Amino acid sequence: MPKENGWYAPFPSRRSVVYARHGLVAASQPLAAQAGLRVLQEGGNAADAAVAVAAMLNVVEPMSTGVGGDCFALYWDAKTKRVTALNGSGRAPRAASLEEARARGLTAMPLQGALPITVPGTVDGWAALLQTHGTMPLARVLAPAIAAAEEGYPVSELIAWGWQRSAERLKQAPSGQEFLPSGRAPSPGEIVRLPTLAATLRAIAEGGPDAFYRGPLAHRIAEFVQAQGGWLTADDLAAHTSTWEQPIHIHYRGTTVYECPPNGQGLAALLALNIVEGYDLAKLSPSSPDRWHLLIEAMRLAFADARRYVADPVFSNIPLTGLLSKTYAEQRRRLISPTQAASQVTWGMPLEGDTVYLSVVDGQGNACSFINSLYYGFGSGLVVPGTGICLQNRGALFSLDPSHPNCLEPGKRPYHTIIPAMATRRGELWLCYGVMGGFMQPQGHLQVTVNMVDHGLDPQRALDAPRFCVLEGKRVAIEEGTSRALRAELARRGHEVAYTTGPERALFGGGQAIARDLETGVLAAGSDPRKDGCAVGF
1 MPKENGWYAP
11 FPSRRSVVYA
21 RHGLVAASQP
31 LAAQAGLRVL
41 QEGGNAADAA
51 VAVAAMLNVV
61 EPMSTGVGGD
71 CFALYWDAKT
81 KRVTALNGSG
91 RAPRAASLEE
101 ARARGLTAMP
111 LQGALPITVP
121 GTVDGWAALL
131 QTHGTMPLAR
141 VLAPAIAAAE
151 EGYPVSELIA
161 WGWQRSAERL
171 KQAPSGQEFL
181 PSGRAPSPGE
191 IVRLPTLAAT
201 LRAIAEGGPD
211 AFYRGPLAHR
221 IAEFVQAQGG
231 WLTADDLAAH
241 TSTWEQPIHI
251 HYRGTTVYEC
261 PPNGQGLAAL
271 LALNIVEGYD
281 LAKLSPSSPD
291 RWHLLIEAMR
301 LAFADARRYV
311 ADPVFSNIPL
321 TGLLSKTYAE
331 QRRRLISPTQ
341 AASQVTWGMP
351 LEGDTVYLSV
361 VDGQGNACSF
371 INSLYYGFGS
381 GLVVPGTGIC
391 LQNRGALFSL
401 DPSHPNCLEP
411 GKRPYHTIIP
421 AMATRRGELW
431 LCYGVMGGFM
441 QPQGHLQVTV
451 NMVDHGLDPQ
461 RALDAPRFCV
471 LEGKRVAIEE
481 GTSRALRAEL
491 ARRGHEVAYT
501 TGPERALFGG
511 GQAIARDLET
521 GVLAAGSDPR
531 KDGCAVGF
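In my numbering, the protein residues as written are 1 to 538.
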């Protein structure tokens with residue numbers, strides 16, 4: 001069995017770590033990873049390659065991401081040695097309000113249709129990342145995606161499975177046939193062409209963000225949404241801007257872990273890490289019920305806080321200093337019983353004092369941790385006719401409780417599940433990583449971080465290790481690769497365990513990770529076997 005720093009890994013880990021010196025890209029689809037690698041080889045940097053990969057994923061994994069969605073990024077600048085956070089998420093339309101929702105008879109935001117559509121932030125996010133950190137024009141980095149959409153590409157296996165799961169929704173949606181070649185979802189290896197999406201990407205390449213947020217395309221998007229009963233207008237699109245923000249961070253056993261601030265849920269990962277820092281996890285074996293129990297309970301506490309406090313900070317005063325303090329972590333840690341799952345977990349009161357993820361590190365040491373998403377498969381289920389634009393359903397995460405910080409308001413950004421991560425050591429880049437998959441994402445960040453920091457695993461084995469996924473209440477999904485004895489002991493402690501295997505392992509997300517050796521600068525990457533992707537470098 002593989003052994004890392006004395007920690008045995010009793011789980012299948014058949015992929016090798018990918019090493020390189022001049023640049024590495026890890027993504028959930030091989031053609032997308034290669035698009036980013038090509039940009040690096042042509043002299044581009046991490047920002048250029050990240051946008052190239054994201055655009056290609058729009059084409060080859062269209063149910064997960066696209067120009068109709070949102071994006072977030074963390075960027076490490078090797079010259080300034082600083083991490084900055086890009087918020088490329090969109091806002092609620094100006095006509096959207098709690099009163100309007102109630103007038104329509106809503107008691108909760110719907111998951112599909114026109115009402116959960118918020119302003120798509122992706123295109124402006126791409127442009128903002130390139131303008132601030134990139135070296136190549138938008139047209140150049142979009143070229144591989146445009147070519148793939150026009151000329152066609154063979155669909156990879158797990159993406160075909162995800163596409164097929166959304167086929168019925170697309171059949172019932174206006175213009176959904178643009179993503180149903182021959183009237184059905186494609187099979188693995190089948191060549192797919194997306195000419196309408198290619199035309200949209202070409203317009204963006206030639207006209208920049210204005211081609212998407214202003215002019216004929218913007219009016220076309222708005223008119224379609226309104227015809228479907230939604231709130232989005234051309235003025236909402238024209239008013240959109242991305243924002244650069246200070247990332248939030250904690251210090252965890254000599255490693256500084258960074259996340260984007262709210263409205264993203266990266267806060268949950270940091271809260272959980274702060275809690276488990278109080279335990280000597282390195283002394284526990286990978287199959288120890290104590291280890292799994294502590295991680296699960298810490299994650300449940302962290303989610304309770306995140307679901308209470310994560311909202312648009314423009315509209316809500318979020319007590320980040322108190323939430324991220326070690327004192328608050330100690331307070332929350334006391335709520336964990338070492339032998340029993342908590343029957344109920346609530347948020348605390350601190351004192352003040354389908355998604356795609358990709359990772360790129362270039363030869364100069366710059367890094368981009370980037371995530372792009374439509375939320376559900378094919379987002380809202382609505383495709384703007386003749387454009388290949390699937391519109392996201394991020395507004396589904398707004399609350400309709402007027403006392404909640406995340407309550408629906410005009411111009412407000414919703415609670416967001418997509419979160420990139422990054423970590424430094426001794427003031428230098430150490431890890432550029434992330435795990436996609438809805439509410440699995442902070443859980444994946446917690447587990448991968450613990451695997452690498454506490455147990456010394458390399459990026460590939462850290463991603464390969466079996467995971468848990470906290471669900472509602474005491475329910476927790478446990479992945480195949482764990483022992484029956486472990487699952488039985490967790491159940492004895494009060495966890496409601498669901499053993500998950502086969503294709504349903506998609507529940508546990510898909511991660512990408514690139515580590516940098518602080519002494520030699522050598523890059524080491526892993527790519528999640530739960531996805532079709534890979535890590536490639538030169």
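Since the hints were made in silico from the structure, they are not lab data.
Keep in mind that this is a model prediction, so the values were computed, not measured.
Even for Gly, the Cβ is constructed at its ideal location relative to N, Cα and C.
Please note: incorrect hints may appear among the correct ones.
With a straight-line cut-off of 20 Å between C-alpha atoms, the simulated EDC-like cross-links for lysine to aspartate or glutamate are [as the list claims (entries may be wrong)]:
{"id": "1", "residue 1": "Lys-283", "residue 2": "Glu-489"}
{"id": "2", "residue 1": "Lys-81", "residue 2": "Glu-489"}
{"id": "3", "residue 1": "Lys-81", "residue 2": "Glu-100"}
{"id": "4", "residue 1": "Lys-81", "residue 2": "Glu-245"}
{"id": "5", "residue 1": "Lys-81", "residue 2": "Glu-428"}
{"id": "6", "residue 1": "Lys-79", "residue 2": "Asp-290"}
{"id": "7", "residue 1": "Lys-79", "residue 2": "Glu-489"}
{"id": "8", "residue 1": "Lys-81", "residue 2": "Asp-401"}
{"id": "9", "residue 1": "Lys-326", "residue 2": "Asp-401"}
{"id": "10", "residue 1": "Lys-79", "residue 2": "Glu-496"}
{"id": "11", "residue 1": "Lys-81", "residue 2": "Glu-99"}
{"id": "12", "residue 1": "Lys-474", "residue 2": "Glu-245"}
{"id": "13", "residue 1": "Lys-79", "residue 2": "Glu-479"}
Okay, the calculated beta carbon distance ranges per label pair [stated by the list, open to error]:
{"id": "14", "residue 1": "Asp-280", "residue 2": "Asp-235", "range": "51 to 57 Å"}
{"id": "15", "residue 1": "Lys-283", "residue 2": "Arg-104", "range": "54 to 60 Å"}
{"id": "16", "residue 1": "Gly-438", "residue 2": "Ser-182", "range": "26 to 32 Å"}
{"id": "17", "residue 1": "Gln-226", "residue 2": "Ala-108", "range": "47 to 53 Å"}
_Please list, smallest to largest, the hint numbers that this structure does not respect._
Violated hints: 2, 3, 6, 7, 8, 9, 10, 11, 12, 13 and 17; rest satisfied.
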